[in-house]
Amino acid sequence: MYGLGMLKGLGVTLKHFVVTYLEDLRWIGKRYDSPESLAVRQGSQARGAFTVQYPEVKLPVPEEFRFTPILLYEEGPNGERKDRCTSCGICAKVCPPQCIWIVRTTDPATGRPVPEPAEFYIDVDICMNCGLCAEFCPFDAIKMDHNYEMATWDRLSDKERLLKPLSYYAAIRPNNYAREEAARAEKEAAKAARQA
Amino acid sequence: MTDKVLDNVESRLGDGVVRDERGGYSGYLVPAARLANVARTARDELGYDYLSSVTGVDYLPEGKLEVVYQLYPTAGGAGLVLKAQLPREAPVVPSLVPLFPGAELQEREVWDLLGIRFEGHPDLRRVLLWEGFAGHPLRKDWTEAYFEEDAKPFKSRWPEGKIHRIEDKVPFRHNVAYPPDFTPDGWVPEGDAALYAGLGQVTGGGNGGDPALNTDEIIVNLGPQHPSTHGVFRVVVRLDGETVVDLKPVMGYLHRNHEKIAERNTFLMNMPFTDRLDYFSSMGNNFGYALAVEKLMGIQPPERAEYLRVMMAELTRIQNHLSAIGFLLNDLGAFFTPVMYAFEERELILDIFEATSGSRMMCNYFRFGGLERDLPDGVLPKIRELVYERLPRKVDELDRYLTENEIVRARCIGVGVLTRERAIALSAAGPVLRASGVPYDVRRAEPYSIYDRFDFDVAVRPHGDVYDRYLIRFDEIRQSLRILDQVLKQLPEGEIQTGKPQYQARVPAGEAYGRVENPKGELGYYVISTGKPTPWRYHVRAPSFINLTTLAEMSRGYKLADVVVSLGSIDIVLGEVDR
Amino acid sequence: MSDELNHPEIDVPEELRRNVAITTLDKIYNWGRRSSVWPMFWGLACCAIEMICTATSRYDLSRFGMEVMRPSPRQADLMIVSGTVTKKLIPQIVRLYNQMGEPKYVIAMGACASGGGPFKEGYNVVSGVDQFVPVDVYVPGCPPTPQALLHGFAKLREKIDTQSVTSVRWYQKAPVEPIPIPLLGPDLINPRDLPALRDRAAQPAAAQS
Numbered sequence: 001m002y003g004l005g006m007l008k009g010l011g012v013t014l015k016h017f018v019v020t021y022l023e024d025l026r027w028i029g030k031r032y033d034s035p036e037s038l039a040v041r042q043g044s045q046a047r048g049a050f051t052v053q054y055p056e057v058k059l060p061v062p063e064e065f066r067f068t069p070i071l072l073y074e075e076g077p078n079g080e081r082k083d084r085c086t087s088c089g090i091c092a093k094v095c096p097p098q099c100i101w102i103v104r105t106t107d108p109a110t111g112r113p114v115p116e117p118a119e120f121y122i123d124v125d126i127c128m129n130c131g132l133c134a135e136f137c138p139f140d141a142i143k144m145d146h147n148y149e150m151a152t153w154d155r156l157s158d159k160e161r162l163l164k165p166l167s168y169y170a171a172i173r174p175n176n177y178a179r180e181e182a183a184r185a186e187k188e189a190a191k192a193a194r195q196a
Numbered sequence: 001m002t003d004k005v006l007d008n009v010e011s012r013l014g015d016g017v018v019r020d021e022r023g024g025y026s027g028y029l030v031p032a033a034r035l036a037n038v039a040r041t042a043r044d045e046l047g048y049d050y051l052s053s054v055t056g057v058d059y060l061p062e063g064k065l066e067v068v069y070q071l072y073p074t075a076g077g078a079g080l081v082l083k084a085q086l087p088r089e090a091p092v093v094p095s096l097v098p099l100f101p102g103a104e105l106q107e108r109e110v111w112d113l114l115g116i117r118f119e120g121h122p123d124l125r126r127v128l129l130w131e132g133f134a135g136h137p138l139r140k141d142w143t144e145a146y147f148e149e150d151a152k153p154f155k156s157r158w159p160e161g162k163i164h165r166i167e168d169k170v171p172f173r174h175n176v177a178y179p180p181d182f183t184p185d186g187w188v189p190e191g192d193a194a195l196y197a198g199l200g201q202v203t204g205g206g207n208g209g210d211p212a213l214n215t216d217e218i219i220v221n222l223g224p225q226h227p228s229t230h231g232v233f234r235v236v237v238r239l240d241g242e243t244v245v246d247l248k249p250v251m252g253y254l255h256r257n258h259e260k261i262a263e264r265n266t267f268l269m270n271m272p273f274t275d276r277l278d279y280f281s282s283m284g285n286n287f288g289y290a291l292a293v294e295k296l297m298g299i300q301p302p303e304r305a306e307y308l309r310v311m312m313a314e315l316t317r318i319q320n321h322l323s324a325i326g327f328l329l330n331d332l333g334a335f336f337t338p339v340m341y342a343f344e345e346r347e348l349i350l351d352i353f354e355a356t357s358g359s360r361m362m363c364n365y366f367r368f369g370g371l372e373r374d375l376p377d378g379v380l381p382k383i384r385e386l387v388y389e390r391l392p393r394k395v396d397e398l399d400r401y402l403t404e405n406e407i408v409r410a411r412c413i414g415v416g417v418l419t420r421e422r423a424i425a426l427s428a429a430g431p432v433l434r435a436s437g438v439p440y441d442v443r444r445a446e447p448y449s450i451y452d453r454f455d456f457d458v459a460v461r462p463h464g465d466v467y468d469r470y471l472i473r474f475d476e477i478r479q480s481l482r483i484l485d486q487v488l489k490q491l492p493e494g495e496i497q498t499g500k501p502q503y504q505a506r507v508p509a510g511e512a513y514g515r516v517e518n519p520k521g522e523l524g525y526y527v528i529s530t531g532k533p534t535p536w537r538y539h540v541r542a543p544s545f546i547n548l549t550t551l552a553e554m555s556r557g558y559k560l561a562d563v564v565v566s567l568g569s570i571d572i573v574l575g576e577v578d579r
Numbered sequence: 001m002s003d004e005l006n007h008p009e010i011d012v013p014e015e016l017r018r019n020v021a022i023t024t025l026d027k028i029y030n031w032g033r034r035s036s037v038w039p040m041f042w043g044l045a046c047c048a049i050e051m052i053c054t055a056t057s058r059y060d061l062s063r064f065g066m067e068v069m070r071p072s073p074r075q076a077d078l079m080i081v082s083g084t085v086t087k088k089l090i091p092q093i094v095r096l097y098n099q100m101g102e103p104k105y106v107i108a109m110g111a112c113a114s115g116g117g118p119f120k121e122g123y124n125v126v127s128g129v130d131q132f133v134p135v136d137v138y139v140p141g142c143p144p145t146p147q148a149l150l151h152g153f154a155k156l157r158e159k160i161d162t163q164s165v166t167s168v169r170w171y172q173k174a175p176v177e178p179i180p181i182p183l184l185g186p187d188l189i190n191p192r193d194l195p196a197l198r199d200r201a202a203q204p205a206a207a208q209s
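Residue numbers (the working numbering), protein chains in the order written: chain A, 1 to 196; chain B, 1 to 579; chain C, 1 to 209.
For the record, the hints were derived by calculation from the structure and aren't laboratory data. For glycine and all other residues, C-beta sits at the position ideal for the given N, C-alpha and C. There's no promise every hint is true.
Pairwise CB distance ranges, derived in the manner of DEER restraints [stated by the list, open to error]:
| id | chain 1 | residue 1 | chain 2 | residue 2 | range |
| --- | --- | --- | --- | --- | --- |
| 1 | A | VAL19 | B | LEU46 | 21 to 27 Å |
| 2 | A | TYR2 | B | GLU45 | 27 to 33 Å |
| 3 | B | ALA134 | C | ARG63 | 54 to 60 Å |
| 4 | C | ARG198 | B | THR530 | 32 to 38 Å |
| 5 | A | THR152 | B | ALA32 | 30 to 36 Å |
| 6 | C | GLN99 | A | PRO60 | 58 to 64 Å |
Quick list of in silico lysine-lysine cross-link-like pairs, DSS-like style, CA-CA up to 30 Å [said to hold, decoys possible]:
| id | chain 1 | residue 1 | chain 2 | residue 2 |
| --- | --- | --- | --- | --- |
| 7 | B | LYS295 | A | LYS15 |
| 8 | C | LYS159 | C | LYS104 |
| 9 | B | LYS559 | B | LYS532 |
| 10 | B | LYS155 | A | LYS164 |
| 11 | B | LYS155 | A | LYS30 |
| 12 | B | LYS140 | B | LYS532 |
| 13 | A | LYS58 | B | LYS382 |
| 14 | A | LYS191 | B | LYS140 |
| 15 | C | LYS159 | A | LYS58 |
| 16 | A | LYS82 | B | LYS559 |
| 17 | B | LYS394 | A | LYS8 |
| 18 | A | LYS164 | B | LYS162 |
| 19 | A | LYS58 | B | LYS394 |
| 20 | B | LYS500 | A | LYS187 |
| 21 | A | LYS82 | B | LYS162 |
| 22 | A | LYS164 | C | LYS159 |
| 23 | A | LYS30 | B | LYS83 |
| 24 | A | LYS8 | B | LYS559 |
| 25 | A | LYS58 | C | LYS104 |
| 26 | B | LYS64 | A | LYS15 |
| 27 | C | LYS104 | A | LYS164 |
| 28 | A | LYS58 | C | LYS27 |
| 29 | A | LYS58 | C | LYS155 |
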């Protein structure tokens, strides 16, 4: 019969429509926007309404998610900051669109380079979020941020905005942080053992 | 190929054809004058009936230009590389368009970017840039306004650390350079005069030339801003009433100079740039480039990495084909509901990419000799759920929803027919080629990675119309699910990277052509290394670009509304068309 | 009619500009506009795919009254420049912008549209669409995820909320001049650079760098 194919197709859309309501009923009494429900509704079991009510609810980002790069510093007990970056330049060398500029610090007395950056500049308007800088940084100093809410009315970029405490990194990427810290500790121990 | 076969080829190709003896090179050097004859012999007598890629190389130190042709037999097997060397001043080579019409756009690209003239080409105009542009950018002695250094990394980034905006350093504070003698007085833009001239006579030709009903044909422009051109693509159509008489695709609106930039980048830096070619299938793009460079380096990724690569490539194929089906239905007028359904599954696959590589679309996941990282915890069960439970069900549902719809059938069956012979001649690739009855799939014809281990069928459809090109995408999704099933069952444990990951890959001198079966067709990378950290030449054989050669063939004689459907059924992506 | 709207005869005196009636009017006016920003239906490059994702069910633009994507610039309020702006395309972008009716907004989506992006050094790439058309919101990222784009929309709505009928450019007495359309010559020519180009041609060749 002519039109049967269309009716069959409309049956599929009708089913979608009905399931949306059935699924809503299923979550009655449970929190619709809790992390647990979100994991089900946005996973491979997803049925019914697939919408995430951004900005009230946010889709959780996975640990490896990368947006723009950030620089990490270690916090001392008295709140002092110590940059992890040693201005070795590997990130600037590996950056595909060449959006990283590093001004090295020189000791005013000796004129020799000091292992910390005087200025660290990333042009976010060029950065392609590829993550190669974070991947090849030997000091775990540059990492990819999770914060994607950066829309502005003007162009921006400076070092202060780039800098984040190590605790921030530990919060967004707990597994990576644990693994890298263990490797660092191991390296330190090996170094100490060699010196002893 | 064995030496015996090679000797045979050599003797058949005839006088003046010599093997390319440069270190790391292969193929044959052909005198430019004999090129057409040699290509005809290769096609008619030796079975190399498929011209995969045409490109040019500028060997500035040797003072030569070279045109490189990659030919393959559609029966399967290794290819034949022909090269013609030309002087850098006024280089001319005979056009292969009469033999292989699929060379049309590619030869125009070589003319545009390298300034090599193809004698006998029916419509030799610039293709990616515009008429009147000064110079041929891929020449090694041509530099742009924002040029800093020949090779990255730039010293101004480190160790010199001179922070600057490049705009502040150039005249006009913009990315422009004019010839020194250029003056705007008395100058008129060349515009599209040549394009319209190429479309031919338009007055008085309508109504089949019947003098009693004499009407004018009209020229209609679709795009570059048009909701059904899948991006910034333009089609100029010559119409007799509503019937298409002739058609010319116009591209270059997204020409991002990928190849020029890539020749300054180090080998690794190009990896994230390849993501942005066919931005639907970045994993597939990574795959082809990694293969080409690994061929040069002579390394193999470990087993687990091979499996993960295939897994990612097939997931990419599924989400690409789902989107292609959705967009085709969009073009048919079923606005957005099929896309919504398709994108729901696509989102779930992108979640996997995001969890694994860090980005939904720009994965940058492959490395030379391996992968960036292993699958994080919790991803594998998700993939299993998708492959075994959700996707088969959802693909069937989409099939039920659309395939038997009478409107879809009426609009698609018998529309935009591309015959088997023309599909091969026009160098169509991927689903477009296979829907015309040619069972040619690089995964089977010349297996790369570990595709020879899997049991799958090459999807083929016989009619070559839009409906077959639509159906074949469902077939391929189902075959991909079959491959994924085997990958998941056989996935071994172990390393994912051969050697230590290096940001400065040591690539020996030579040339390599790495090709993969991407969702949109055969994606090839022609890479030449001179042993330096940056490639000397980097060319992408873009399936979307070359498949567009078939659009005119598919559209002639059909109605204007069918052009949109035929274009949708080719499934182009502009990042790859224009690069 | 449209001319009358562009040149309202009611001249609000300076001391009355901040009066209560106007601000309430502003609130209603802005609420109406921000709840139905119709984007133009076109995509440039990679970011366009994320823009389409934003319109599909998971992120659902219609929650903001924005799902009505108009293929014609004359019916659109918002141009989302979603991808690399090339020299070959910029004449069309400027033309489309000129054809859009006021009030009109531009979002530069992604690094390419904001400032050239990874392809900035290329010979056919314009370093940011703001070189030619005014941009209201910049959304960084390469590409911005759909949620990042939604955040950009939120910023745009914030911006709309700060506008006042007394000061917006489309109710000013002076007509809004169209942006001159760039030309494609030996390289891209901004008509605003034409005097400088003539000067350069007039100079002896040796003086040119």
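Here is what the structure says about each hint:
Take A:VAL19 and B:LEU46: their Cβ atoms lie about 58 Å apart, and the range 21 to 27 Å is violated. In this structure the hint that A:TYR2 and B:GLU45 lie 27 to 33 Å apart at CB is violated, the actual value being about 52 Å. Our hint of 54 to 60 Å for B:ALA134 and C:ARG63 is violated, since their Cβ atoms are close to 49 Å apart. For C:ARG198 and B:THR530, the Cβ-Cβ distance of about 44 Å falls outside the hinted range of 32 to 38 Å, so the restraint is violated.
Taking 30 to 36 Å as the suggested C-beta distance range, the pair A:THR152 and B:ALA32 does not conform, at roughly 56 Å. Here the CB-CB span from C:GLN99 to A:PRO60 is close to 41 Å, at odds with the stated 58 to 64 Å. For the hint pairing B:LYS295 with A:LYS15, the CA-to-CA distance comes to about 51 Å; that exceeds 30 Å, so the pair is violated. In summary, the hint linking C:LYS159 to C:LYS104 is supported, as the alpha carbons are separated by about 12 Å, within the 30 Å threshold.
Restraint check for B:LYS559 and B:LYS532: the C-alpha separation of about 53 Å exceeds 30 Å, so the hint is violated. A hinted pair counts as satisfied when its Cα atoms are at most 30 Å apart, and B:LYS155 with A:LYS164 qualifies at roughly 27 Å. Only pairs whose Cα atoms come within 30 Å are accepted, and B:LYS155 paired with A:LYS30 is rejected, the gap being roughly 58 Å. Under the criterion of a C-alpha separation no larger than 30 Å, the hint pairing B:LYS140 with B:LYS532 is consistent with the structure, at around 15 Å.
Of the supplied pair hints, the one linking A:LYS58 and B:LYS382 holds, its CA atoms being roughly 20 Å apart against a limit of 30 Å. Between A:LYS191 and B:LYS140 the CA atoms are separated by roughly 49 Å; this puts the pair beyond 30 Å, and the hint is violated. Restraint check for C:LYS159 and A:LYS58: satisfied, since their Cα atoms lie roughly 22 Å apart, inside the 30 Å limit. Taking the CA atoms of A:LYS82 and B:LYS559, the gap is about 69 Å. The hint is violated against a cut of 30 Å.
Distance restraint check for B:LYS394 and A:LYS8: the Cα-Cα separation of roughly 15 Å lies within the 30 Å cut-off, and the hinted pair is therefore satisfied. Note on A:LYS164 and B:LYS162: the hinted pairing holds, with a Cα-Cα distance of about 24 Å set against a maximum of 30 Å. Restraint check: the Cα-Cα separation between A:LYS58 and B:LYS394 comes to about 26 Å, which is no more than 30 Å; the hinted pair holds. Between B:LYS500 and A:LYS187 the alpha-carbon distance is near 17 Å, which keeps this suggested pair within the 30 Å criterion.
Distance check on the hinted pair: A:LYS82 and B:LYS162 sit about 24 Å apart at the alpha-carbon level, within 30 Å; holds. Annotation: proposed proximity of A:LYS164 to C:LYS159 holds, straight-line Cα distance about 28 Å (limit 30 Å). With a CA separation close to 69 Å, the supplied pair A:LYS30 and B:LYS83 exceeds the 30 Å bound. As the CA atoms of A:LYS8 and B:LYS559 are separated by approximately 29 Å, the hinted pair is consistent with the 30 Å bound.
Note on A:LYS58 and C:LYS104: the hinted pairing holds, with a Cα-Cα distance of about 29 Å set against a maximum of 30 Å. Between the alpha carbons of B:LYS64 and A:LYS15 the distance comes to roughly 65 Å, so the proposed pair goes past 30 Å and is violated. Annotation: proposed proximity of C:LYS104 to A:LYS164 is violated, straight-line Cα distance about 37 Å (limit 30 Å). Using a Cα cut-off of 30 Å, the hinted pair A:LYS58 and C:LYS27 holds, with the two alpha carbons roughly 28 Å apart.
In summary, the hint linking A:LYS58 to C:LYS155 is supported, as the alpha carbons are separated by about 17 Å, within the 30 Å threshold.
Consistency note: the structure conflicts with the earlier hints numbered 1, 2, 3, 4, 5, 6, 7, 9, 11, 14, 16, 23, 26 and 27.
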